[in-house]
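Q: Chains as they are written, first to last, in our numbering: chain R, 116 to 468; chain A, 116 to 468; chain Y, 1304 to 1625; chain P, 1304 to 1625.
Just so you know, the hints here were simulated from the structure itself, not pulled from any lab data. Keep in mind that a hint or two might mislead.
[What the hints assert, rightly or not] Some chain R residues well away from chain A (every beta-carbon gap over 10 Å; in silico):
#: 1; residue: Q174
#: 2; residue: R356
#: 3; residue: N388
#: 4; residue: E415
#: 5; residue: L466
[Unchecked claim] In the DSBU-like style, the derived pairs of lysine-lysine whose C-alpha atoms are separated by at most 35 Å in a straight line are:
#: 6; chain 1: R; residue 1: K351; chain 2: R; residue 2: K240
#: 7; chain 1: Y; residue 1: K1621; chain 2: A; residue 2: K443
#: 8; chain 1: A; residue 1: K119; chain 2: R; residue 2: K396
#: 9; chain 1: A; residue 1: K199; chain 2: P; residue 2: K1322
#: 10; chain 1: R; residue 1: K431; chain 2: R; residue 2: K235
#: 11; chain 1: R; residue 1: K463; chain 2: P; residue 2: K1322
#: 12; chain 1: R; residue 1: K240; chain 2: Y; residue 2: K1528
#: 13; chain 1: A; residue 1: K119; chain 2: R; residue 2: K149
Remember, predicted model here, so these are calculated numbers, not experimental data. Yeah, the Cβ is synthetic: ideal placement off N, Cα and C, and Gly gets one too.
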Amino acid sequence: MPRKTLATFRVSSLSILDAAGKVDPNLDPKLPAKTLQQMYSLMVLARVFDDKAIALQRQGRIGTYAPVKGQEACQVPSALQLTKGDWLFPAFREAAATIAFGIPPERLLQYWGGDEQGSKCAADKNLFPVSIPVGSHMLHAVGASWAAKLRKEKAIALTYFGDGATSEGDFHEAMNFAGVFKTPTIFLCQNNQWAISVPRERQTAAASLAQKAIAYGIPGMQVDGNDMLAVYVATKEAIARARAGEGPTLIECFTYRIGDHTTSDDATRYRTNKEVASWKKKDPIDRVRTYLSANNMWDENQEKQLQLNTAAQLDKIVQAYETFPKPKINDMFDYLYAQPTQELVQQKQELTS
Amino acid sequence: MPRKTLATFRVSSLSILDAAGKVDPNLDPKLPAKTLQQMYSLMVLARVFDDKAIALQRQGRIGTYAPVKGQEACQVPSALQLTKGDWLFPAFREAAATIAFGIPPERLLQYWGGDEQGSKCAADKNLFPVSIPVGSHMLHAVGASWAAKLRKEKAIALTYFGDGATSEGDFHEAMNFAGVFKTPTIFLCQNNQWAISVPRERQTAAASLAQKAIAYGIPGMQVDGNDMLAVYVATKEAIARARAGEGPTLIECFTYRIGDHTTSDDATRYRTNKEVASWKKKDPIDRVRTYLSANNMWDENQEKQLQLNTAAQLDKIVQAYETFPKPKINDMFDYLYAQPTQELVQQKQELTS
Amino acid sequence: MTNLTLIQAVNQALQQEMKRDPTVMVLGEDVGKNGGVFRATEGLWQAFGDERVVDTPLAESGIVGVSLGLAVNGFKPVAEIQFDGFLAPAFDQVISHVGRIRNRSRGRFHAQLVIRVPYGGGIHAPEHHSESPETYFVHTPGIKVVIPSTPYDAKGLLLAAIRDPDPVLFFEPKKIYRAFRQEVPETDYTIPIGKARLVKQGHDITVIAWGAQVRTAEQAVVQAKVDADIIDLRTLSPLDTDTVINSVTKTGRCVIVQEAPKTCGLAAEVIARINERALLSLEAPVARVTGFDTVMPLSRLEDSYLPSPERVVKAIKKTMEF
Amino acid sequence: MTNLTLIQAVNQALQQEMKRDPTVMVLGEDVGKNGGVFRATEGLWQAFGDERVVDTPLAESGIVGVSLGLAVNGFKPVAEIQFDGFLAPAFDQVISHVGRIRNRSRGRFHAQLVIRVPYGGGIHAPEHHSESPETYFVHTPGIKVVIPSTPYDAKGLLLAAIRDPDPVLFFEPKKIYRAFRQEVPETDYTIPIGKARLVKQGHDITVIAWGAQVRTAEQAVVQAKVDADIIDLRTLSPLDTDTVINSVTKTGRCVIVQEAPKTCGLAAEVIARINERALLSLEAPVARVTGFDTVMPLSRLEDSYLPSPERVVKAIKKTMEF
Ligand SMILES: Cc1ncc(C[n+]2csc(CCOP(=O)(O)OP(=O)(O)O)c2C)c(N)n1
Ligand SMILES: Cc1ncc(C[n+]2csc(CCOP(=O)(O)OP(=O)(O)O)c2C)c(N)n1
Ligand SMILES: [Mg+2]
Ligand SMILES: [Mg+2]
């Protein structure tokens, strides 16, 4: 039966640097070598940090940890573009973004080591604490960036979340508020194909997560999340739009979680080695090294140097973590309110006397 | 910057019977006169019932009431197509749908009169009670229709809600579950342009509510909600798809709430008489009468007879309502659990002794 | 000084604080042009415009979550949740985030925000419009819970709440929004959060209530012809235990009036504290007059559900005669 | 008879009931192929297939709301909420709908559904994974709240919960999921909902606990060398008041161990009922050993937050010496 067409929509996708390390010359953002090398180095640092964190967990030196391996290219090129005054709202798998944002990585260990002090970022960094309840933190990004807009500042908020998070009601409310109030918010969805054991197809019947933006009247696109350049470009454009007052953007980074969901998980229970292996071939770091080397922006010597530096840096990080003072029992009473209530004072006394 | 197109989407709209009572011959479903007359009569009954309910509220004979006036064509042609075993999940403005579904209208008065007994529908009718929390009941429709599907029955669920409801997280979760599990659920959104005083544009930056279906990978369309035939056709198709195992549909009925939000509201505070007047010209009942008359399916005599019958019916409805026994104090204790707890038994005793 | 109703006092507090502090924002459903369904925000949108008085989409979790984001970035949102029953969709944001951000970030961020909620029964409204959900929030760490019972207190407590550096859930007893007027100074004043009000002093018994039930308690005390301390808790979290204990130590008898369902209501906590600190003073069990452990009924049975002066009188008599 | 852990007993109950009753369904996040993050649903998907063991989208309100719809149309869903802290997003569906549908429809519809939730601290998990939210639901009409503390009870109570015609929130103390084994009959048996368990009989004092804290209570009683009644409440709503009162009437002294924050916790309600029905038997104030009125800390401070046998011993001594 014929009907009128009310509207048509188009969802685009972007990939620039392919798995073989080849750049699409038409799409190449032509970044300075320094920027490329910096992003590469940060991704390498995030990778070794991640491995180390898992090792520390196995040794009982930190608690549960959620590895980022495989998703470094979603996080580093996006977080790195934030500038002073901008806000970052992570979920719980954002070690790479946190490091790229300039937070001392030992703070991450402190947090995952079971001390809230790890979440107390420096006064000049607007890093929100890890948000464990899936999907719940995007609303905070909307609010914080709205505040900046109301004060006519240029600051924006960037928030990370997973494919699973798009199923939560709060995702919907956040996207919808952002659309209505045109807040300068970048919604960066890391579609890593799995929410613990639940595959992407079980999260939604939509063919892409990017198309969910249509429901909110905001731009949405899909990018190769293992492609540092595509993520860089997409985020750059979204940030520019946000700063220009043009509102929010949803970016779906199509990627893969190479490791277990967390150190408590055993991913072999629900997915095949073959699948994992096929994604390892699309490693986001390898392809950058290939590309940089092939284009004379990186050589073996530099690689060796980087490995050495990174290892040394990692040692320092772990050392710094292990020299943090232990949390005090008082901490759990003293930070709840600006002034502890009489009841809390009593309870603290009761416990510590 | 060029990009690949990942996907394109099209949202369609449908209108068949225009405000002047003219049918688009290409789209005319050519329903039997009897069906048309039945729908017309039910819409007329719903209209007078609505006016009466408001009057009863003004006289203190029922409590707060949410008028349906202007939205009869969204409800009657859709609810009327439900058959035995089907489920109806109303929000709170569904007097017309409830009547068309075959529920004695005095039950509506009993409910709005402040007695839960009004929500106890007959055993052979699957009418869920009025759901006051906006947006929360669509999940129940998804669950109930999923149950039917799991048992391989043909039954479906039809749920009504407003434009405002699309902003709630539960709307999102319901649409998403329905998409994932391909449940036989019809989501009928009555976009009546207002959520109390908040206009449609403030609910979402999306240009239509129909396009929200894209986020869930399910079909969505917009229809003229003041057009009985368009609603009939759209619902019929959606029901057929649902019964055939093809899953859910979102239908946005573009309509208008002619009256106040509820009897506690004063709509003149937030919208213009001009706007209301312009929508009165699109009245969903008038255009059907014009159409039926012009096509020899209705004459003045029939109209007179209908008015008389309806008035008599209305009297009976009010009379039936007023002869319902008063709710007993025990009722609030006796229906909470299958067996009242010891505590409830005591509390009841305490109160009634 | 003007004679104001409770809701007018709320409105005046909002007006004055928005004028005084440009970071105060009001947001919620229908709070703008419509002035709120109870008219608490009447005139604000006209006075302060679209950016400071914001009609939001219909999404309570969104309202609270976005308010938290606004708060951590320098605003002082006063969010309205239209009715008590619609706090439930925002529950996760309140307990998982609003009440935790200071602690979670070890003080790096905090949430200076107020959530205003018309509260309780007595107006024969539809289902979910007459709830008393305070227990959920008093039990939750990190949030303060305040409820005025007079116009004077409403203004002073609301100003204190907006200025409090921590999140405050501000319940407004809708039954008495317009029930009576009281002299309310036009000047700026606050009433400290965390302090109960001794409504009336007496010797024989302590009657404790909050919100609209303070009036029930007052009426019952008159009817029962007892010489009672009447305590209006005023802040439910943190509780002013000292005022309760001082009174009960003096009177030895106590009746608590609570509109919410009985089990695990706030009255139980008050009893637990009396048990802990004044057990030996008790001459009789502390009595509870409460809503019942069932759903607040629709209007026809509402009056049977709510504590009545008669039920309170009965409890007073029983306690006196124990 | 087999020696089972608590989680194995849960698993066995689910296996057996799904075999017995084709309308029982299991749904939630990761309950299928993965068998649940704690493996409570291990093997079910393999045994009963995709339609009866359903991995859902990541949306708790959705899980509960859809379960209600399934329940009113003839299924008996056993929904899993992955951790206690993630009940909060489903709060509105639980309190506004699940607990009300029978009453709201005057019996025309009801919700025979179970919501299983791993509960409480003690496993050094991340934030929101160690909560004790029972108060929220015990205060809410229309829902039953059950929590086993042994493998034997876990099976019998879960079977009773699934067969109960009303909605049951079934908390599982995750700290003791694998802490010990117990003989659990393979046969079908139920344990009545609403009845506490007398863990041990004594004369000097009554110690009340539930969930993992029953073990804390037992250890403390040994350490304190007192002759105590130990009561495992087992059902938190409806409370078995008689068992509590009988014991306290006998012993005259009582300590309650509660993992949740102190204020407005279930212990307060137990105290209120003792006050109402056994005040004159009390030889000392009823003592509470509880979590504190702050957020459950991350792992480093978790053990300081949780009630310890030492703290319970201290309370027992203080109560005995009062
Ligand atoms: C509200 C809520 N429900 C459940 C969980 C338990 N949980 C933690 S992570 C996770 C899966 C998240 O998937 P996704 O959003 O895709 O992020 P990813 O882990 O893949 O990065 C679940 C179910 C949670 N943390 N919060
Ligand atoms: C969760 C929730 N929040 C707020 C309300 C108060 N309220 C009742 S109806 C309504 C507006 C609903 O708008 P819409 O969904 O468009 O339906 P309409 O009233 O236009 O039919 C509001 C805000 C409510 N009932 N439930
Ligand atoms: Mg994922
Ligand atoms: Mg509307």
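Q: Hint numbers the structure violates, sorted upward?
A: 11, 12
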